[in-house]
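Engineer: Protein chains in written order, with this note's numbering: chain A, 1027 to 1426; chain B, 1027 to 1426.
Since the hints were derived computationally from the structure, they do not count as laboratory data. A portion of the hints provided could be inaccurate.
Below, in silico cross-link-like pairs of lysine to any residue (SDA-like), each with a Cα-Cα straight-line distance of 20 angstroms or less [as the list claims (entries may be wrong)]:
1. A:Lys1059 with B:Glu1072
2. B:Lys1423 with A:Met1367
3. B:Lys1304 with B:Ala1294
4. B:Lys1319 with B:Ala1294
5. B:Lys1382 with A:His1057
6. A:Lys1059 with B:Lys1319
7. A:Lys1368 with B:Lys1382
8. B:Lys1382 with A:Glu1369
9. A:Lys1059 with B:Leu1033
10. B:Lys1197 with B:Gly1150
11. B:Lys1382 with A:Pro1055
12. B:Lys1197 with B:Glu1166
13. A:Lys1423 with A:His1032
14. A:Lys1368 with B:Leu1033
15. B:Lys1382 with A:His1054
16. A:Lys1304 with A:Thr1323
Protein chains: 2
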Amino acid sequence: MTCPAHLIRTGGDRIGLFVLDGLGGLPHPDHGKTELEAATTPNLDELAGRSSLGRVQLLPPGLTPGSGPGHLSLFGIDPLQLEFGRGLLEALGSDYALEPGQIAARGNFCTVDGNGLVQDRRAGRPSDAECRRLCARVMEEVSVDGVTIELIPGKQHRFTWIITAQDLGAKVNDNDPQVSGKGALPFRGQDPVSETTAAIATEWLEKAKQCLGEEEVANSALLRGFSTKPHVPGFAERFHLHAAALAVYPMYRGVARLVGMQPRDAGAGLEDQVAAVKSAIAEDYDFIFVHHKDPDTAGHSGDFAAKVVAIEAFDRALPGFLESGLDVIAITGDHSTPAVMKEHSWHPVPLLVHSKRALPNLESTFGERACLHGDIGTIRGPELMPLLLAHADRLDKFGA
Amino acid sequence: MTCPAHLIRTGGDRIGLFVLDGLGGLPHPDHGKTELEAATTPNLDELAGRSSLGRVQLLPPGLTPGSGPGHLSLFGIDPLQLEFGRGLLEALGSDYALEPGQIAARGNFCTVDGNGLVQDRRAGRPSDAECRRLCARVMEEVSVDGVTIELIPGKQHRFTWIITAQDLGAKVNDNDPQVSGKGALPFRGQDPVSETTAAIATEWLEKAKQCLGEEEVANSALLRGFSTKPHVPGFAERFHLHAAALAVYPMYRGVARLVGMQPRDAGAGLEDQVAAVKSAIAEDYDFIFVHHKDPDTAGHSGDFAAKVVAIEAFDRALPGFLESGLDVIAITGDHSTPAVMKEHSWHPVPLLVHSKRALPNLESTFGERACLHGDIGTIRGPELMPLLLAHADRLDKFGA
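Chain A on its own, in the form it takes in the complex (with noise of 0.2 angstroms):
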């Protein structure tokens, strides 16, 4: 507990939360300074010189955050202390909204030879073409009775299966053996309507693997992680917020869709996302979400020139977003990912709390060292939400 209920107001200040992807690094061999260091950013730096600086660690200290964790820890959420399956994430990031009544599980088509013995667990790795091909053909021609079946296609071999009927449980074990050349594991359920679950699973697996008989890619299924949604409180019950959230990405839509936020069309680009924003405001939402995939994507490939062009078109797009109505901006990643590494990391993300309440340093700048030095110190991720309702004046005096 962070922050006790009965503090939260119900009204106050507009907060905008932008999030650039990966965007916490670590220093170039060559000249020592991180991907935001070496940016040029005169937009980021001069609200950093009249804003609160500080970091936030996502997860406790060595622990690196996959995207959906992440999120969910600075949406409010310890992420440790969520229960969800893979199947759960792999709706969301089919940008599916999992209801209360429905389990997810994620699939994979593949292989298996005469004698009932997995050959290839992701049969071969399909196009994205193939598996949505696949997906509809099971999907027109294999039903169980009472129960809706859906198959979401994802990339290469992989789907989302979700089912939906009454009383279903998902505490069914996984069928993937996790190595070839041993056969699929019956579908077991720990409890009574987990064993609906699991015998409607089964019954669809038999069907299914009937209808991909005749095809040469694909003649069987594995799902795992069978998941329900958890029950997560949302914006508006935790903090009062009418809440907006502006990304591309499924996987991002899906995380903020689950903790109560509408995902709304965001365009293209950041132009898009500046417009999107004051929309929003028009209709009266006052807690803005805005994802930045971008310099992400470029710390995965390795691509330091690449992450600071990325964090350059965000610094060009930030007077956009400063004239859009927001009272208070928060601006800082889901996780690092230095280009070093080409992958994500467990070290703090930079923050900036932009607000009227601020208590600046002076002659600072946006990056991962003067950062350290800043009013806000380092907090945890589920720590950032009540900061950003204290700038936005939405939270009471704890006690008289």
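Following the hints, put chain B in place on chain A, whose structure we already have.
Structural biologist: Okay, now just chain B, sitting in the frame of chain A:
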């Protein structure tokens, strides 16, 4: 839980943890520098410029750790959550690997008068040689049927009392009345297996008193802190690390053994330790704990200059350690021992973590105040191991 077990990989880089005992200090009244800041440490300062810096807080604010708890905290165990008695610490301090089925207690030789009242709880602090002689005599002459009883001599009046037998409990009260002029308390067990232990202790004490009756130095003994070996999952189980301990003093070897490290011959000086690190790496150890006792000894003596010298000696040995084949190098203390206090203190200790994934500050040095501005911030002791695993590329990402 600072790190979910499923994230820990089975391979990765090699880690060296260098504990400079009692490293942290306070400013000298004449010049305002701490021992570490006053020391001439070109190698540590150079390494600091390419490392992450921070501080470790071994226990909650204000709490001063003993050497055992300080090391346990660094080794990933919250000492406040681990129940272990004085007897265990004494056994560890005697380099005795207490095993399941054994009970250890801290013993004092003492004097009692004709009425059975304790005169001197420490028997006039006899010489270590006298203590060894008394222990040997009691072990020679006193026995209890079906039980093995060992006395391991310590400094002055102190010894460790260890019994080995089936089905013993450790819930036995101290017989030490804590003040002179009172009688020793009878041993009582809180449960049936502890009643057995109490009965053995009672029988042993009666016989020991008869044996010691002819001695001038001491004619009885006090036992306290009855304890068994607590269950502590080892480094292999918890962190998938094959860990070696290079420590000279028995206490540190004992604590390292408790957490599953293999104590190895560390020689007498720092140059021997450099050679011992290389030999441990040659034998495929992937975690090496190196203990340097001298700063603490000087701190206890209140000898600021000697503590500076002890730190400078480590600095001179550092290049050897850097070339020994370790990938991740952490340098810190198990607690502060400021010379101006002449004892342990609660102040967080400086921390340096060197790896190719570090985020250094520019122009930094290794000192209490410099570490305040480091990338790592101030972390709790049990958070250190996950951080080192991350630097060693030994942790999976949490979530997709």
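Engineer: Are the Cα positions of Lys1059 (chain A) and Leu1033 (chain B) separated by 20 angstroms at most?
Structural biologist: At roughly 30 angstroms apart (the allowed maximum being 20 angstroms), Leu1033 (chain B) and Lys1059 (chain A) break the hint.
Engineer: Lys1304 (chain B) and Ala1294 (chain B) were given as a pair; does the straight-line alpha-carbon distance stay at or below 20 angstroms?
Structural biologist: The hint holds at about 16 angstroms.
Engineer: Within a Cα-Cα threshold of 20 angstroms, do Lys1423 (chain B) and Met1367 (chain A) meet the stated pairing?
Structural biologist: holds (13 angstroms)
Engineer: Please work out if Lys1197 (chain B) and Gly1150 (chain B) have their alpha carbons no farther apart than 20 angstroms.
Structural biologist: violated (30 angstroms)
Engineer: Holds or violated: are the alpha carbons of Lys1382 (chain B) and Glu1369 (chain A) at most 20 angstroms from each other?
Structural biologist: Answer holds: Lys1382 (chain B) to Glu1369 (chain A) is near 14 angstroms, not above 20 angstroms.
Engineer: Taken at face value, is the distance from the CA of Glu1072 (chain B) to the CA of Lys1059 (chain A) at most 20 angstroms?
Structural biologist: holds (18 angstroms)
Engineer: So if I understand the rule, the pair passes when the alpha-carbon distance is 20 angstroms or less; does Lys1059 (chain A) with Lys1319 (chain B) pass?
Structural biologist: violated (37 angstroms)
Engineer: Holds or violated: are the alpha carbons of Lys1319 (chain B) and Ala1294 (chain B) at most 20 angstroms from each other?
Structural biologist: Answer holds: Lys1319 (chain B) to Ala1294 (chain B) is near 11 angstroms, not above 20 angstroms.
Engineer: With the threshold set at 20 angstroms, check whether the alpha-carbon distance from Lys1197 (chain B) to Glu1166 (chain B) stays at or below it.
Structural biologist: Measuring from Cα to Cα gives roughly 27 angstroms; hence the hint is violated.
Engineer: Can you confirm whether the C-alpha distance between Lys1423 (chain A) and His1032 (chain A) stays at or below 20 angstroms?
Structural biologist: With Cα atoms ~10 angstroms apart, Lys1423 (chain A) and His1032 (chain A) stay inside 20 angstroms; holds.
Engineer: Compare the distance between the alpha carbons of Lys1368 (chain A) and Leu1033 (chain B) with 20 angstroms, and conclude whether the hinted pair is satisfied.
Structural biologist: holds (19 angstroms)
Engineer: Could you grab the alpha-carbon distance between Lys1382 (chain B) and His1054 (chain A) and see if it respects the 20 angstroms cut-off?
Structural biologist: holds (11 angstroms)
Checked against the numbered hints listed earlier, the structure breaks hints 6, 9, 10, 12, 16; every other hint is satisfied.
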